[in-house]
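Take these sequences, add in the hints, and give me the full structure.
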Amino acid sequence: MFSLSNLVFLFFLIASICCTTKIHVTLYYPDNNLSGSQLYIRGNGSNINWDQGTLMKQTEANKWEIDLEISDLSNEVEFKALVDDTTWQIGANFGLTVDSTKKTHSFVGYPWFYTTNGKYVYLRKVYSPQLKNTRDVVTYLPPSYYENKFKRYDQVIIACDGQNLFNKSTSFLVPWYIQNTVDELISEGKMEEVVVVGIDNAGEQRTVEYTYDYDPTVKDGGKADVYLDFVEDVVLPLVNSNYRLSAKKYTTLGSSLGGILSCYAGWTRPSVYDKSVCMSSSFWWNSESFNTNILVNKPAPEPLGSFYLDSGDQGDGKDDEEETIRVREHMKKLGYTMDQNLFYYLDKGAYHNEYYWGKRFWIPMTYLFAPSPDLV
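Per my numbering, numbering of the sequence shown is gapless, rising by one per residue and ending at 376.
Take these hints with a grain of salt, some might be off.
DEER-style ranges, computed between Cβ atoms [stated by the list, open to error]:
hint, residue 1, residue 2, range
1, Leu334, Thr116, 40 to 50 Å
2, Thr337, Ser187, 44 to 54 Å
3, Arg152, Gly36, 22 to 32 Å
4, Glu76, Asp229, 38 to 48 Å
5, Thr26, Asn242, 22 to 32 Å
6, Gly36, Thr337, 49 to 59 Å
No lab work stands behind these hints, which were simulated from the structure alone.
Model, not experiment: these values are computed from the prediction.
Glycine included, each C-beta is placed from N, C-alpha and C at the ideal position.
Next up, the structure:
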């Protein structure tokens with residue numbers, strides 16, 4: 001006679017044997033980096049574990065395959081690749097969730113094992129026929145970029161004030177050093193890999209290019225749409241032709257006037273941008289016209305994109321703390337949900353400058369680019 005515990009054990013044994021789903025996993029990695037070594041896999045599937053690796057099968061040059069089995073009771077699996085079952089892939093685990101509407105399930109991944117630092121590279125003197133000027137474009141390529149030549153990148157950030165992002169020699173005051181922040185978060189598995197395209201500002205033309213209307217108190221402004229046309233028609237094709245990018249939509253990023261520009265771009269061009277990082281945004285501009293005009297007279301994006309807003313609370317105007325809160329509350333009334341597609345952070349004690357933007361840059365990165373399972 002079976003006891004209850006025996007029946008429970010038998011149930012799970014039968015479930016593990018009969019009720020499993022197969023996922024065909026393919027990993028691409030350059031053979032010349034392996035020098036004869038082999039790829040293994042560890043994870044939490046029914047036929048793999050975290051304690052000892054399972055050898056993958058090399059089916060052709062640079063290509064490794066394995067069928068994973070996961071219990072229908074869990075419907076999820078996480079795994080990592082290893083070189084010779086000793087050197088772990090860098091970054092977040094591969095995570096998969098089974099799509100029950102599909103009959104077959106497959107996944108393609110691009111691991112890397114040895115590189116923890118990305119690099120930034122320049123495209124010099126990029127001409128804008130829209131604005132009749134030139135500027136440099138500096139692009140951060142993430143750690144895997146040069147190690148795994150097969151990987152393409154679908155998370156691409158288009159950032160204002162490229163001079164201030166990476167390099168002390170070109171920055172105003174101090175740079176953000178965002179490469180250090182992103183490298184660390186990626187290596188620790190706390191965010192996805194991203195490419196960051198930093199577009200230099202045009203010096204004296206920065207104010208007019210970064211603002212969508214004329215502010216009579218500043219006696220300047222109004223060419224944001226022309227600038228965004230330049231980004232869309234010149235910069236995006238340029239970086240897509242030079243780097244291995246596959247983004248369907250982009251993230252826009254900026255601070256101060258660049259912050260309000262990023263919010264404006266995400267709000268008015270949802271076919272191009274689906275995420276907006278708006279740090280210490282100059283929402284004071286033209287009597288808070290972003291809040292009283294743009295959010296009122298420009299329809300909300302369809303579908304709703306994701307917006308990150310923040311500010312400090314020190315210095316002149318307290319870094320637009322109150323103005324930023326008013327924008328946040330208005331967006332909530334227009335259908336946005338906090339911590340789902342609207343994110344907000346108050347950096348207490350922070351001033352309106354590059355040091356503080358760089359210091360808290362990890363916050364929007366982990367909000368908007370946290371690793372998530374692939375549906376297969």
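Sort out which numbered hints this structure fails and list those numbers smallest first. Going through the list in order, the structure violates hint 2 alone and respects the others.
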